[in-house]
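Keeping the supplied structure of chain A fixed, place chains B and C upon it in accordance with the hints.
Given next are the chains, with one letter for each unit.
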Amino acid sequence: MNFILLAEQFLNGIQLGLLLFLLSAGLTLVFGIMDLVNLAHGSLYMIGAFFAATFTALTGSFVIGVLLALPATLVAGIVIEVTVLRTLYTRNHLDHVLATFGLILFFNELVRVVWGPAGLSIPLPGVLDGSVSLVLGITYPLYRLVIIIVSLAVAVGLYLLVTRTRIGMLIRAGASNRTMAGALGVNIQRLFTLVFGLGAALAGLAGMMIAPVTQASIGMGEQILILAFVVIVIGGIGSIRGALVGALLIGIIDTMGRSFLDVILLIFLPPNAAETAGPALSSMMIYILMALVLAIRPQGLFPPRGQ
Amino acid sequence: MTVETPATVPQSPRLTTRLRDARTSVALLLLAIAAITPVAAPALGQPFYVDVTARIMIWAIAATSLNLILGYGGMVSFGHAVYLGIAGYTVGILAFDNITNGFIQWPLALLICGLIALVFGAISLRTKGVYFIMITLAFAQMLFFLGISVEKYGSDDGLLIFTRSEFDFGFAELDLSDATTLYYVIWILLIGSVYLSHRIVNSRFGMVIQGAMANETRMQAIGVPTYRYRLTAFVISGMMCGVAGLLSANFERFISPDVMNWPRSGELIVMVVLGGMGTLFGPILGSVAFLLLSEILSTWTEHWHLIFGPFLVLVVLFARGGLSGILDRLTGRADR
Amino acid sequence: MTEPLLAVRGLCKSFGGIAATDNVDLDITPGEIHAIIGPNGAGKTTLINVLSGLLPSDAGTIHFDHANITRASAPARCRRGLARSFQITSIFRNVSALDNVALAVQSAAGHSFRLWRPARRDPALRGPARALLERVGLADRATVMAGNLAHGEQRQLEIAIVLATRPKMLLLDEPMAGMGIEESERLLHFLRELKEQYTMLLIEHDMDAVFALADRITVLVYGRVIATGTPQEIRANPDVRRAYLGDEAAA
Chain A
1 MNFILLAEQF LNGIQLGLLL FLLSAGLTLV FGIMDLVNLA HGSLYMIGAF FAATFTALTG
61 SFVIGVLLAL PATLVAGIVI EVTVLRTLYT RNHLDHVLAT FGLILFFNEL VRVVWGPAGL
121 SIPLPGVLDG SVSLVLGITY PLYRLVIIIV SLAVAVGLYL LVTRTRIGML IRAGASNRTM
181 AGALGVNIQR LFTLVFGLGA ALAGLAGMMI APVTQASIGM GEQILILAFV VIVIGGIGSI
241 RGALVGALLI GIIDTMGRSF LDVILLIFLP PNAAETAGPA LSSMMIYILM ALVLAIRPQG
301 LFPPRGQ
Chain B
1 MTVETPATVP QSPRLTTRLR DARTSVALLL LAIAAITPVA APALGQPFYV DVTARIMIWA
61 IAATSLNLIL GYGGMVSFGH AVYLGIAGYT VGILAFDNIT NGFIQWPLAL LICGLIALVF
121 GAISLRTKGV YFIMITLAFA QMLFFLGISV EKYGSDDGLL IFTRSEFDFG FAELDLSDAT
181 TLYYVIWILL IGSVYLSHRI VNSRFGMVIQ GAMANETRMQ AIGVPTYRYR LTAFVISGMM
241 CGVAGLLSAN FERFISPDVM NWPRSGELIV MVVLGGMGTL FGPILGSVAF LLLSEILSTW
301 TEHWHLIFGP FLVLVVLFAR GGLSGILDRL TGRADR
Chain C
1 MTEPLLAVRG LCKSFGGIAA TDNVDLDITP GEIHAIIGPN GAGKTTLINV LSGLLPSDAG
61 TIHFDHANIT RASAPARCRR GLARSFQITS IFRNVSALDN VALAVQSAAG HSFRLWRPAR
121 RDPALRGPAR ALLERVGLAD RATVMAGNLA HGEQRQLEIA IVLATRPKML LLDEPMAGMG
181 IEESERLLHF LRELKEQYTM LLIEHDMDAV FALADRITVL VYGRVIATGT PQEIRANPDV
241 RRAYLGDEAA A
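Residue numbers (the numbering used here), protein chains in the order written: chain A, 1 to 307; chain B, 1 to 336; chain C, 1 to 251.
Chain A on its own, in the form it takes in the complex (with noise of 0.2 Å):
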């Protein structure tokens, strides 16, 4: 294990885990403010990606690609809000997962028929294309820093937007306590709404960012989500703060297991042995600590107060 690739991984890691925080505070908050299960949040991800690929084939420019289907996954999230999810939220969660379930479907096929099966890649601009020296030696793809960049901004801001206005007081009141939100005279149908558009939003940009890197294809969504909820279960629905820790945590120790634990192994077991429990364990990895941090809090390692 050297150094440099250690060093690399790990933010290969961190990567991963502030695009999952995208994905994740925008389906933390629907969870908690509106007590929804949106498996349909990833479509959303995936949505955004092909709006992506389409604008920047279109204008010829990824940036200006991006800044188009950024609007244009917003307005899609408060499409699918207004004519399907509203009329969800007095229903249980069987019924939440069925509809939204029937939605993946739907969009997945939709996505097929538009945008046909094979998946779209993005070239990437050449200003961002190439590696950049950061300290110590390490060389890292410039691209790859662009979207830790952008995702912490994203986080800062929406952390801001949480705790500093109006709007993230609402958002605030309405994830602890949703009675009392409707009793301080919040338009709660228009909040549910804003807050799921901002969610589609993120979700959107977490695809669009990184489909110069994988490309654009359908059932990406459905992958990156059940990350997200395990995300989310660690974190304690609710909580961007327990969505952020947890997405960190997921993408590093996911990252780094995949690149590390079958070199780990070789200290305890043979190299047959270590070859095969590897890849299967390091898959595995990020349940079982799912699965740790349940036995010990039930709710999630940041619970939202005043539930």
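Since the hints were derived computationally from the structure, they do not count as laboratory data.
Note that the structure is predicted; figures quoted are calculated from it, not measured.
Built from N, CA and C at the ideal position, the CB exists for glycine as well.
Please note that a few of the clues may not be correct.
[As the list claims (entries may be wrong)] Label pairs and their computed distance ranges (CB to CB):
(1) A:G137 x B:H303: 45 to 55 Å
(2) A:M169 x C:E193: 54 to 64 Å
(3) C:A139 x B:N101: 56 to 66 Å
(4) A:V213 x C:S73: 42 to 52 Å
(5) B:Y153 x A:V213: 24 to 34 Å
[As the list claims (entries may be wrong)] Simulated coverage check for chain B against chain A, where a stretch passes if three residues somewhere in it have a Cβ under 8 Å from a Cβ of chain A:
(6) 266-275
(7) 306-318
Relative to chain A, chains B and C alone:
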């Protein structure tokens, strides 16, 4: 002080009996059709329907097992398909290592299903609501990814099973390589699962499970520690789903991680809800409806999910009680 | 003085820094009806929730029938003989009245890991359940779905459920809430009858009922006990008059 007037909802025992009869007769009719399908379908020039029916029956067993905890116990497990995979892989891996004895394969498969259900259940049942849904989903995905990462047993390409489980009773042999024999084994095990559910649901244990769903606090306050009963139900349900898994592995002669991927678990929930949760024959109706619907829709268009997705949303928004509910309402209207 | 059936010492429970039960001492002697009164928000229901084990206490001890039950779970307390009713009727609404009581009978009869024989045809459950329904006056409503019973009938049903657990002591949280005058009257008589058999801790808003029924009364204000004594002593207690009956006395 005003005295509330009693809410006198007319309780006509004749009507409710007839409604229950309607659902039961449809299900029994379907089981009877399934019984003659291996003879009738080829005679009608549609041998293809024998396999379709066998698959539907396997899913019906899985849906019946989920109904036990979801419909009667209110436990929204979103990872139930994992037991299909566990049992299937047990059979597949044993066959891969040349252990084809069904007397070893099947009990071992169910035992492993039970143990894993015990571990998953013990942790996830400590939580409630949204947490429970997501944790069961996450645990199932964990094993899905495990299946993908183990190259020895085929990773995501899956594992071919060359020899079906062998049952040698000494005096006679149950030959599952004979398609018709396997078909009737499936048929019998489906009926067995439904009958087992029937006994469990109406037993003292069943009363506790249903009571805990209806009013957890009251249940605790009359002295019932609900957790251990829920956990037991969870384990039984996982093992029953394992029956479907080992049947599926034998029928398809193939097992892959995809059988425990999350959409499969979602589809199981859809079947249970479509058929009517917490009804004995609902899962049969639901799996028939779901699989036939997907069969029919996919002959219209390869993009049948475009229709099915919104259909699900509409079912949730407008059709309470699933197919059974619709059946009830139809027969109810006919009665009036 | 006989040894108390329920002995509470220094019991505390707070929610986010606000004490709902504040250092409560309480002794309930076998056979007595002990009423807890106090203004709204005095922490009466919290006290019952902590005593019945639905809420964990923060500090203090609870002894019941010679056993320390401070850390026992709600089901364990019930099986020891401490049964409760709820202020908002808590029954199984989607099954018959008889099923409701039979389930409680079943719970008292031992574990329920019996997965084969039909419970609804078990005379060992149905018999006692029917008898209890008769005792609370619901014999002819046995097959009605509990959710369809009138409000007063649901309250009666809940008492039948509580009795079915074979308790030694009853914790009754406003059993007369929402009842008509006639129904309350009947319940009053019934509770008096029950007194022969059970010790009772009773929360009730209906002061006439409290003073008619209770052997002793404890007054709770802001989670704290300000007085305990016989109805006469409580009526005469200046603290109580000021804190609770105060507005009447002042006017």
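Here is what the structure says about each hint:
| no. | hint | in the structure |
| --- | --- | --- |
| 1 | A:G137 x B:H303: 45 to 55 Å | 52 Å, holds |
| 2 | A:M169 x C:E193: 54 to 64 Å | 56 Å, holds |
| 3 | C:A139 x B:N101: 56 to 66 Å | 59 Å, holds |
| 4 | A:V213 x C:S73: 42 to 52 Å | 51 Å, holds |
| 5 | B:Y153 x A:V213: 24 to 34 Å | 30 Å, holds |
| 6 | 266-275 | holds (count 4) |
| 7 | 306-318 | holds (count 10) |
Of the numbered hints given earlier, the model fails none.
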